[in-house]
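A.B. asks: One-letter residues, chain by chain:
Number of protein chains: 2
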Amino acid sequence: MSLEINPDLVRDFDHIWHPCTQHKDHQVTPPILVEKAQGIYLYDREGNRYMDVIASWWVNLFGHNHPRLNMAITRQLEKMSHVMFAGITHQPAIDLADTLVSLTPTGLDKVFFSDNGSTAVEVALKMSLQYWQQQGQPQKTRFAYLKGGYHGETLGALSVCGLEIFRTKFEKVLSDQLPVDGPDCFRCPYGLQRQSCNAECFEPMEKALSENSNTVSGVIIEPLVQGAAGMMMYPPVYLKKLQSTCESLGIHIIFDEIAVAFGRTGSLFVCGEHDLKPTFLCLSKGITSGYLPLSATLTSDEIYSAFYGEHSERNLFIHSHSYSANPLACAVANESLSMLTESNFLESLKPKIAAIKECGRQFDGITGEFRQTGMIAALELVENNKERYSFEKRVGYRIYLEGLKRGLFIRPLGDVVYFIPPLVITEEEIEVMLNTAHVCINAVLK
Amino acid sequence: MSLEINPDLVRDFDHIWHPCTQHKDHQVTPPILVEKAQGIYLYDREGNRYMDVIASWWVNLFGHNHPRLNMAITRQLEKMSHVMFAGITHQPAIDLADTLVSLTPTGLDKVFFSDNGSTAVEVALKMSLQYWQQQGQPQKTRFAYLKGGYHGETLGALSVCGLEIFRTKFEKVLSDQLPVDGPDCFRCPYGLQRQSCNAECFEPMEKALSENSNTVSGVIIEPLVQGAAGMMMYPPVYLKKLQSTCESLGIHIIFDEIAVAFGRTGSLFVCGEHDLKPTFLCLSKGITSGYLPLSATLTSDEIYSAFYGEHSERNLFIHSHSYSANPLACAVANESLSMLTESNFLESLKPKIAAIKECGRQFDGITGEFRQTGMIAALELVENNKERYSFEKRVGYRIYLEGLKRGLFIRPLGDVVYFIPPLVITEEEIEVMLNTAHVCINAVLK
Chain X
1 MSLEINPDLV
11 RDFDHIWHPC
21 TQHKDHQVTP
31 PILVEKAQGI
41 YLYDREGNRY
51 MDVIASWWVN
61 LFGHNHPRLN
71 MAITRQLEKM
81 SHVMFAGITH
91 QPAIDLADTL
101 VSLTPTGLDK
111 VFFSDNGSTA
121 VEVALKMSLQ
131 YWQQQGQPQK
141 TRFAYLKGGY
151 HGETLGALSV
161 CGLEIFRTKF
171 EKVLSDQLPV
181 DGPDCFRCPY
191 GLQRQSCNAE
201 CFEPMEKALS
211 ENSNTVSGVI
221 IEPLVQGAAG
231 MMMYPPVYLK
241 KLQSTCESLG
251 IHIIFDEIAV
261 AFGRTGSLFV
271 CGEHDLKPTF
281 LCLSKGITSG
291 YLPLSATLTS
301 DEIYSAFYGE
311 HSERNLFIHS
321 HSYSANPLAC
331 AVANESLSML
341 TESNFLESLK
351 PKIAAIKECG
361 RQFDGITGEF
371 RQTGMIAALE
381 LVENNKERYS
391 FEKRVGYRIY
401 LEGLKRGLFI
411 RPLGDVVYFI
421 PPLVITEEEI
431 EVMLNTAHVC
441 INAVLK
Chain V
447 MSLEINPDLV
457 RDFDHIWHPC
467 TQHKDHQVTP
477 PILVEKAQGI
487 YLYDREGNRY
497 MDVIASWWVN
507 LFGHNHPRLN
517 MAITRQLEKM
527 SHVMFAGITH
537 QPAIDLADTL
547 VSLTPTGLDK
557 VFFSDNGSTA
567 VEVALKMSLQ
577 YWQQQGQPQK
587 TRFAYLKGGY
597 HGETLGALSV
607 CGLEIFRTKF
617 EKVLSDQLPV
627 DGPDCFRCPY
637 GLQRQSCNAE
647 CFEPMEKALS
657 ENSNTVSGVI
667 IEPLVQGAAG
677 MMMYPPVYLK
687 KLQSTCESLG
697 IHIIFDEIAV
707 AFGRTGSLFV
717 CGEHDLKPTF
727 LCLSKGITSG
737 YLPLSATLTS
747 DEIYSAFYGE
757 HSERNLFIHS
767 HSYSANPLAC
777 AVANESLSML
787 TESNFLESLK
797 PKIAAIKECG
807 RQFDGITGEF
817 RQTGMIAALE
827 LVENNKERYS
837 FEKRVGYRIY
847 LEGLKRGLFI
857 RPLGDVVYFI
867 PPLVITEEEI
877 EVMLNTAHVC
887 INAVLK
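Those protein sequences? They're chains X and V, same order as listed. The opening position of the first sequence corresponds to residue 1 in my numbering, with each subsequent residue numbered one higher. The opening position of the second sequence corresponds to residue 447 in my numbering, with each subsequent residue numbered one higher.
In isolation and in its complexed conformation, chain X is listed as follows (with noise of 0.2 Å):
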């Protein structure tokens, strides 16, 4: 739709300024006026559809207009909407609180609420920080991060990312912090493959932590996949070996699994399915699938109990954000973790999972590579040797607009193709969002 003949798409041009969005492509190809959804379906004004193949930025779980989920808020509304949570409780929130502490492992006993990604991010290492302080190491101020990593982008959730893209403007008001080469299985430099390797990668990390151990705060991590770098995946083995690292030097672990967690690995969270105990989790995005701004940063006992004493000892932690703990966005995320807990929910994924693996050969011959981590799948389309395509053809940004032609709303990182469907996709639908993927690649390369 052109922006002359549709007044709304003027206005929006007008007055919005979207993220992550260079503004004169909207003159060629403006945004999609999206009108209603439905299961893994959004819809124009026009009727066209488009399928949802990255779950609206990785946070939809159950499709779009879930009556459960509806009702969840409709009752919720009924109540209170919203209330402050500093000297309050209540009721959507406990329960919250208790059912995240239970599906996590065994040392995740506190949790923190917060708005967003970032906030969480930004809430674990500030934690993090005055640990240390209020444990007599105030020198442990520092830390380290993969050079693949992206947490958020605010300017604490910035300073640990290693992705320039997101830093490179910014770079003069963040932190100094500990950048560290991570895995990168689909170049790896020691010619092993990630189904049987040992994580020989984690050798820089090794390093980095132990000639810092005294400084080091924490490390930060995306577990499995890390997302914004282009659906990285990398095996369990480097979680197990960091696990190791950083229990005998004393460092902090933050597990990023905002990504990552509620099904979409196959589980409900990495930590939990690999055994590992983070100090820090991290949750949000799909923690109300898909429906609200909700997020939350757990940690231990251990670390709660260093903020709890005396008024007069000024240590407890000082962070809030107005609409912590939203009871709105509380009540929607205990029903869509009920649904994600009963009836065998993550047992139905498997199937999901097989037929994403299997109609993912179809990719073979393609130059690049196809992988895997779940419900999650991304194809690196590259050049020749693995050489990355020059940013000027914009490869992944011209699949974008092929899949906008044949109803598919995919959204490119760099090059690399990725797929993040809602958990309630159908095998039929994966054979269709896999197989119109593939039509639109050879639009563009061929």
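I should point out that these hints are in silico values taken from the structure, not numbers from a laboratory. Every residue gets a Cβ at the ideal spot worked out from N, C-alpha and C, and that includes glycine. Don't take each hint at face value.
[What the hints assert, rightly or not] Cβ-to-Cβ under 7 Å is the rule here; a few derived chain V residues that face chain X:
1) H464
2) K556
3) N562
4) Q579
5) E599
6) G736
7) Y769
[As the list claims (entries may be wrong)] Only pairs whose alpha carbons sit at most 25 Å apart, straight line, appear in this in silico DSS-like list of lysine-lysine:
8) K393/X to K405/X
9) K79/X to K851/V
10) K147/X to K653/V
11) K172/X to K593/V
12) K79/X to K525/V
13) K79/X to K482/V
14) K687/V to K653/V
15) K36/X to K525/V
16) K653/V to K172/X
17) K618/V to K593/V
18) K207/X to K618/V
19) K405/X to K36/X
20) K653/V to K723/V
21) K618/V to K172/X
22) K525/V to K405/X
23) K851/V to K839/V
On the provided structure of chain X, position chain V as indicated by the hints.
C.D. replies: Only chain V this time, still in chain X's reference frame:
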């Protein structure tokens, strides 16, 4: 209610880490377990009623459980709760952006949505920095801020916060910015009155900006009321001087109206009321009338145009949150803005503002200052000679406890007892609120 007899409070104590709370206090005084909220009142499970004197952290405008606001959410829920905001747009966001632009001063043309006040500020800081880089002035990397300023607690927002209590544990990861002595009318070093002065206290800001204009990107300020500092109120002439200085020196002005917009001061926006033209305007809190987390950063077409261009220039603004422009939040914001702008609603605040003033006279005999800006009032309690009570005395906290006994939910900032009620409070309720607070204060001070 004691912890022992309520299992839900035990679960709260076991699993929830509340914001800005020393949990040891909960051993004596557990949080109120709020079950429902109606109008300006909160109700616990036993039916005890508390007046929400601070509008649930300054967010609620029209009272809790308002039929029109509830309906706005229910209606949107039937269409779609959420969809990503890159490559996609939707009616609730378009309407909200359009309305915000039309209600704010000329020159605020574009709206960038995020989730909370901190992120609204981070967005403004990042846009300002990147703008100067793209204008060939990359040396402009610092922000001036007031020593009494508060703008949120993510690390970027915290780097421009002047209040020690929020910063002290995190100094080592805060970027170096430019703190400036700001207005302190209660303890005016010039011996002047805020009603009649000419903002002589602008001198340090003028000096700081003049001496650093080459490296200063922008100034961030809470207009008229420095909230977290203890509702420090100062006259608009300070802002006029700031605008004139910034314009002549080529420095951005960031107005943080998160706490003061949407009727709190008696007008929709401070900038509009006083004919001021900030480069960036940050909004949150009352934007959804206390229903859902949402924020907006407004700026000019001139700023926007520095980010507009060819893909290959890499000038786009890279910042995103998954739930940017959440349709449910936008829908309730649209309804709230309708209510704020119709039927002479703002006019209806005038007798209430007068009632606060009138009723505030009862504090004349108390050592301290009663001050008011529109619907915001505060009573700063001090020893003789305007000296603060010692931290250990917990005067404010004890008044809070007295309030709980009398059905008033107040939460003093240090020893500043303040009042930011929902705008729908009646004149009779204002009297009850201030009279009861007086009783609580006397109970502690006498």
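A.B. asks: Each of the hints needs a verdict: does it hold here or not?
C.D. replies: Taking the hints in turn, this is what the structure says about them:
1. Here the hint on H464/V is kept, as its CB sits about 6 Å from the closest CB of chain X, short of 7 Å.
2. The interface hint given for K556/V is met, as the beta carbon of that residue sits about 5 Å from the closest beta carbon of chain X, less than 7 Å.
3. The interface hint given for N562/V holds, since its Cβ lies 5 Å from the closest Cβ of chain X, which is under the 7 Å cut-off.
4. Interface restraint check for Q579/V: the shortest CB-CB distance to chain X comes to about 6 Å, inside 7 Å, so the restraint holds.
5. Hint on E599/V holds. Least Cβ distance to chain X is approximately 5 Å, under the 7 Å limit.
6. The beta carbon of G736/V is positioned within 7 Å of a beta carbon in chain X (closest approach about 5 Å), and the interface hint is therefore held.
7. The interface hint given for Y769/V is met, as the beta carbon of that residue sits about 4 Å from the closest beta carbon of chain X, less than 7 Å.
8. Simply put, K393/X and K405/X have alpha-carbon atoms about 19 Å apart, close enough for the 25 Å limit, and the pair holds.
9. With a C-alpha separation of about 23 Å, the suggested pairing of K79/X with K851/V holds against the 25 Å cut-off.
10. For the hint pairing K147/X with K653/V, the CA-to-CA distance comes to about 41 Å; that exceeds 25 Å, so the pair is violated.
11. The straight-line distance between the Cα atoms of K172/X and K593/V is roughly 22 Å, inside the 25 Å bound, and the hint therefore holds.
12. Our distance criterion of 25 Å between C-alpha atoms is met by K79/X and K525/V, whose separation comes to about 22 Å.
13. Taken as a hint, the K79/X and K482/V pair is honoured in the structure, with Cα atoms around 5 Å apart against an allowance of 25 Å.
14. The hinted pair formed by K687/V and K653/V meets the criterion: a straight-line CA distance of about 12 Å does not exceed 25 Å.
15. Restraint check: the Cα-Cα separation between K36/X and K525/V comes to about 5 Å, which is no more than 25 Å; the hinted pair holds.
16. Using a Cα cut-off of 25 Å, the hinted pair K653/V and K172/X holds, with the two alpha carbons roughly 24 Å apart.
17. Under the criterion of a C-alpha separation no larger than 25 Å, the hint pairing K618/V with K593/V is consistent with the structure, at around 18 Å.
18. Proximity of K207/X to K618/V is assessed by CA-CA distance (about 24 Å); at most 25 Å being required, the pair is judged to hold.
19. Between K405/X and K36/X the CA atoms are separated by roughly 19 Å; this keeps the pair inside 25 Å, and the hint holds.
20. Our distance criterion of 25 Å between C-alpha atoms is met by K653/V and K723/V, whose separation comes to about 22 Å.
21. At roughly 15 Å between alpha-carbon atoms, K618/V and K172/X fall within 25 Å of each other, so this suggested pair holds.
22. Note on K525/V and K405/X: the hinted pairing holds, with a Cα-Cα distance of about 23 Å set against a maximum of 25 Å.
23. Of the supplied pair hints, the one linking K851/V and K839/V holds, its CA atoms being roughly 19 Å apart against a limit of 25 Å.
Hint compliance for this structure: hint 10 is the single one not met.
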